[in-house]
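S.K.: Now for the letters of each chain:
Number of protein chains: 4
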Amino acid sequence: MPHDVHELTERTRAFVDEHVLPADDEHDGDVEAAGGDDLRRRLQALAREAGLLSPHAPTDLGGLGLGMVDRAPVFEAAGRSLFGPMALNINAPDEGNIHLLAHVASSDQRERYLRPLVAGEHRSAFAMTEPAPGAGSDPGRLTTRAVRTDGGWLVDGHKTFITGADGAGFLIVMARTSGEVGDNDGATMFLVPSDRDGVHLVRHVGTVDRSMIGGHCELALTRVFVPDEDVLGGVDEGFRYAQVRLGPARMTHVMRWTGAAARAHEEAVRYAAARPAFGSTLAEQGMAQQLIADNEIDLAATRALLMDACRALDAGSRASAETSIAKTFAAEALDRVADRAQQLCGGSGVSRDLPVAKIARELRPFRIYDGPSEVHRWSIARRAVRRLGTS
Amino acid sequence: MPHDVHELTERTRAFVDEHVLPADDEHDGDVEAAGGDDLRRRLQALAREAGLLSPHAPTDLGGLGLGMVDRAPVFEAAGRSLFGPMALNINAPDEGNIHLLAHVASSDQRERYLRPLVAGEHRSAFAMTEPAPGAGSDPGRLTTRAVRTDGGWLVDGHKTFITGADGAGFLIVMARTSGEVGDNDGATMFLVPSDRDGVHLVRHVGTVDRSMIGGHCELALTRVFVPDEDVLGGVDEGFRYAQVRLGPARMTHVMRWTGAAARAHEEAVRYAAARPAFGSTLAEQGMAQQLIADNEIDLAATRALLMDACRALDAGSRASAETSIAKTFAAEALDRVADRAQQLCGGSGVSRDLPVAKIARELRPFRIYDGPSEVHRWSIARRAVRRLGTS
Amino acid sequence: MPHDVHELTERTRAFVDEHVLPADDEHDGDVEAAGGDDLRRRLQALAREAGLLSPHAPTDLGGLGLGMVDRAPVFEAAGRSLFGPMALNINAPDEGNIHLLAHVASSDQRERYLRPLVAGEHRSAFAMTEPAPGAGSDPGRLTTRAVRTDGGWLVDGHKTFITGADGAGFLIVMARTSGEVGDNDGATMFLVPSDRDGVHLVRHVGTVDRSMIGGHCELALTRVFVPDEDVLGGVDEGFRYAQVRLGPARMTHVMRWTGAAARAHEEAVRYAAARPAFGSTLAEQGMAQQLIADNEIDLAATRALLMDACRALDAGSRASAETSIAKTFAAEALDRVADRAQQLCGGSGVSRDLPVAKIARELRPFRIYDGPSEVHRWSIARRAVRRLGTS
Amino acid sequence: MPHDVHELTERTRAFVDEHVLPADDEHDGDVEAAGGDDLRRRLQALAREAGLLSPHAPTDLGGLGLGMVDRAPVFEAAGRSLFGPMALNINAPDEGNIHLLAHVASSDQRERYLRPLVAGEHRSAFAMTEPAPGAGSDPGRLTTRAVRTDGGWLVDGHKTFITGADGAGFLIVMARTSGEVGDNDGATMFLVPSDRDGVHLVRHVGTVDRSMIGGHCELALTRVFVPDEDVLGGVDEGFRYAQVRLGPARMTHVMRWTGAAARAHEEAVRYAAARPAFGSTLAEQGMAQQLIADNEIDLAATRALLMDACRALDAGSRASAETSIAKTFAAEALDRVADRAQQLCGGSGVSRDLPVAKIARELRPFRIYDGPSEVHRWSIARRAVRRLGTS
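Protein chains in written order, with the numbering used here: chain V, 39 to 429; chain E, 39 to 429; chain F, 39 to 429; chain H, 39 to 429.
Rather than coming from a laboratory, the hints here were simulated on the basis of the structure. Among the clues, some could well be false.
[Unchecked claim] Quick list of the computed label-pair ranges, beta carbon to beta carbon:
{"hint": "1", "chain 1": "F", "residue 1": "428", "chain 2": "E", "residue 2": "374", "range": "16 to 26 Å"}
{"hint": "2", "chain 1": "F", "residue 1": "349", "chain 2": "E", "residue 2": "281", "range": "27 to 37 Å"}
{"hint": "3", "chain 1": "H", "residue 1": "356", "chain 2": "V", "residue 2": "83", "range": "41 to 51 Å"}
Each residue gets a CB set at the ideal place from its N, CA and C atoms; glycine is no exception.
Take the sequences, apply the hints, and build the full model.
M.R.: Structure, rendered in structure tokens:
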């Protein structure tokens, strides 16, 4: 780790410990997930002051311009609190949207959408997933349609699991502009202010995780007008842009969740080291040592796979294979880490006395979000067969 | 399964489907866990009418007098709803307390405490566990003390994780009447109405599970007077009675949780059978079939180990080895079942759209409650070494 | 366990300890697997003398007539030595063939084939499996054909993984007498003395396991004549008879392998109890206790599932679901048991110093033989979907 | 990977495919493990000719001077054949001994012992491990003693699991020169020609793995004279030197075994891609895809952890934590890879028809050799507690 990244990581960690963790517990389970935008604005103001806001954003927009490798330790340090990524403006989906817009937005869009997003003035959402049998693990099932109208497009469709949609300033909506359902091209991305006519928040899906500001929402889009200047990039180029966003977004998820799981592990080790047991401490018992060691191993392997993928991304590769493997391993390994942390802490591991149970609850869906492990395994296996099967 | 148990099981299942499951979802996450006593009274009245209330209680008190083997399918059918055991009055800790009182209570105690408990007129709690380093995995660490006073005893101590304590009619309090902390004898059980002076509910521990009526509570006992007629059984016999309660209580937990996990599995199989995927259904995909098959195997093995232990208990054995193995396996296997069910259901498996996520949340603590898996493994291993190690 | 089965089990165990285990080590790795027929005849003579030969065979043929439930502990006791089942004449495939012939053979066949088989005068093989893409996990792929000729049939085909074929007195050959490859009927069973013209032993497959007398062989059948009196049961009834054989044969495999795994576990526990470590013994270390406890749990669950299936078989059910679940669980659990036993024994667990490594090596293929776990899971899942998927 | 390492890796792979793999199968199970020194000399001559011999050795001795990071892909390519490391002279223990001698040997020892070792003129062994309760997982239990005599030392002791001892040109013997059994210092390394009086090969331990030339041997050392010029490095510095050898030796084991496991995986993928199943190929079945994907993930995580540790070693760190985690993960992950490969190949996976079963057999002991996983977990946990437990 270069010196300045190390220093930035340390400062991030200290900032999270001092300012963010205290807000973490008190807001758990709020009706308005993750404390709401008031808390977000308060924490982001502190992060701005500390020079920590939007470290991944382009420097000309006020970010620190960190590449993927350099993001990893910083994002992990932020992820130790469930609200840390929100405080630093590196939360999903904003973080991925910043990445996407930085690559694709026109200079005008850059000013209207990206700059205020980097500054924390509004939030965003990425509206791709649809209720079954629409776009999901297979994006080509995209059914939302945009048709030409005077000076722009009219979008109709139904979206679900749209993270952060409630309260977002704008949505990036993926809609089909050509081809048929099942085609792997013909999609376009549209920038849509959330208060535009025809955008309707149907409901919060009501997931077990509750730390994402704006929740995971179901949206109905009814004849939503999008002027030509709000088409993001080229018409029919949406699937290609989604790939640009995909790999890095997978990996920053891993970074953040590694931080959360590492914190659960730390809490559990501290608990075990302090807890008397059988004339010594719990941490001296063999079965507890096994839980602790397995957590260390899972965290180390997660980070090692993550860094491999980040190096590939920084080198300009799409790194689909590397990010798919790293995501799949990480989602399962971090879930195990949190589960073992719970087990180590006994009753305190399944109650509010420690943050461990909460972290476990938040982590579980990561084995499903961003592609269920089974879908990743399917594509990993197919790659292996293509590479090895005919030699 | 004998015919009448089969029929009773079917009726229980139908009753739960018709009357209990509808209440299940709507009360999740209530401040007052498990819907509260109003709901309990309403459901128990329906169960009484259906002839299903307290099937394990002695027949002279209005129960059906089911042994352990016969309880298994009935309790499992009830457990399919998180509120089913409450509706049938076979919930922990009442179920175990009924079992205990039927064996130990005087005829006077039988009328004052047991009969109304069987009838659902009040609830009870079993106050043994204490905050560390008190009684827990090692009951001999019991620190709550009872000292002689005129006509009875004065009890002082601190209890935690006391299930159902909030709103219970009475507590069975385990207190040390002789010996020192660390001794494996010298404990006595006391029957204590919850409104007795000196009984103070400190807090709900705030566990992740929320389906136990009366929650899991921390209690302070300060100079609580217990008259001699409310000593349960003999003085200094408490640890022996706790053993009477222990094995069956472990197994009825397994029965109920098997029902919950089986329901999660059923929901997941139905979901997978209905969900289109890759030109067929999700249930036709190999990785989904593996999840389904592993659930079938885990459920079958859980039931097989459970029935082995129940046969041993019905034959009069204490069955410590069998119940320890069955509990440890079941707690882990049922947790896996619920986790796989979540994975099968994708986004719906981590949201309120299906009951699967809720069941998974409720099941997790069972690997810690009633003895963490690690403590059970420790005793299982020691038994194996005694049996095999020197031959 | 009824008294006499308990006593028979104890006698079997003592017999194996005294007479069979000494032969076990010295013959490992012989070119002629499992010591050969000289050793077999010597051990079977001792077993006959001890009244232990062929305990599962019909009483009128000199067996003890044990049902499935009663076989379980006896076969497990025999299985503690890799040669124990051979010594008692309850080895695969003879044991299953005795079971099959007792159900299907004509009285003449009974005298010519079954009686000497029960008496240990010759061995047998069951020739169903064929090289891919022939009969295997899918028996309907049967390609070996029998066509009518004067006074009998001419059989042509290719078989592989035919256990015990080298040195067998006769084969039970499954051949297609009607229908096409892929049909699930149209097969007939033929009794074929091994020295019949046209029966050719191509090779020993060379599997990692080496304790099955007669090995696992590949056979070529070229215009093998079978007279009508050697058709086993009815023409075109072969698949139905194979089902008769299947369930019990699966379960007796489990019985025998449970014995082998239990012995590995016992050896490991004894090793750990005697081995000094960290001021105590290895068996007192937490991670070792976890290995020991997990073995106890896996063995208990294997036996519990096995007994469930045996009760169903004794009650007259085909028990396809129960035997499939029990076989799948057992094959994986017993493999884990042997692996943990190896780990507990350190260097001695991967050398000839203890029988543990040898048992692990013999057990591994059981996850593939008699249907790979994946094929069983496929059928288990399909049953679950049929049962639950549409309700 | 820098270009020349990539090219060297490709050449190594081609060399192994052409020259070494053909010898691999035919020598399996030889009494003289690994084909013996005639085969070694033949293969090493070919490697010398190809410029591939001893790539890790110092350039002034004719090696290529590869650091740890650069060794990884080359050693993995060699490890694809069980005899590949022998052919390239990068087998344990010679490889580690070359590393050790290059750091510690005097210039005279360098000429007499190291140069011919690099050239493949003789082999070596590292004699540290002793029968229990001597030096093993706890090196401080060292009981072999060296006492001063005229012009040198007399060594007495008992060693076991000494890899390659049979036929080795010389041994590096670890003996206690001061302190008591249990002390973590006071050891010295001695260079001992194998034909020196008093060196006695007691037996081959008879492990399940059979690909290490010279086997794993038990040695008796009786008044073995070592002249002063054959003391390796300083007196009483042996434990420190052992640490120098330890980390790199752990990692080169991982490199070689990764190659073996990767080959088993490749064979299995090819088998699955070619095998018809259910109207498609086995490789298209979901459960097979899961096995394939899990292998890809385990291999990727193994390599990622390995490279992390190698970077740390190349940077001059002792990297005890990194190498311990990487070794523990790798030993278990590679064992899983080989096991899944076996399962994918069905009957061919447990026979000699494919090299998969053989590779699985060779890999199993790696979870025990070089520190059993349990001992590594113990030290990993203790490190975690020291780092986290008191903060």
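S.K.: It remains to establish, for every hint, whether it holds in the given structure.
M.R.: Quick rundown of the hints versus the structure:
A hinted range of 16 to 26 Å holds for the C-beta pair residue 428 (chain F) and residue 374 (chain E), which are about 25 Å apart. Between residue 349 (chain F) and residue 281 (chain E) the Cβ separation comes to about 30 Å, which falls inside the hinted range of 27 to 37 Å. A hinted range of 41 to 51 Å for the beta carbons of residue 356 (chain H) and residue 83 (chain V) is consistent with their spacing of about 45 Å.
Comparing the model with each numbered hint stated earlier shows that all of them hold.
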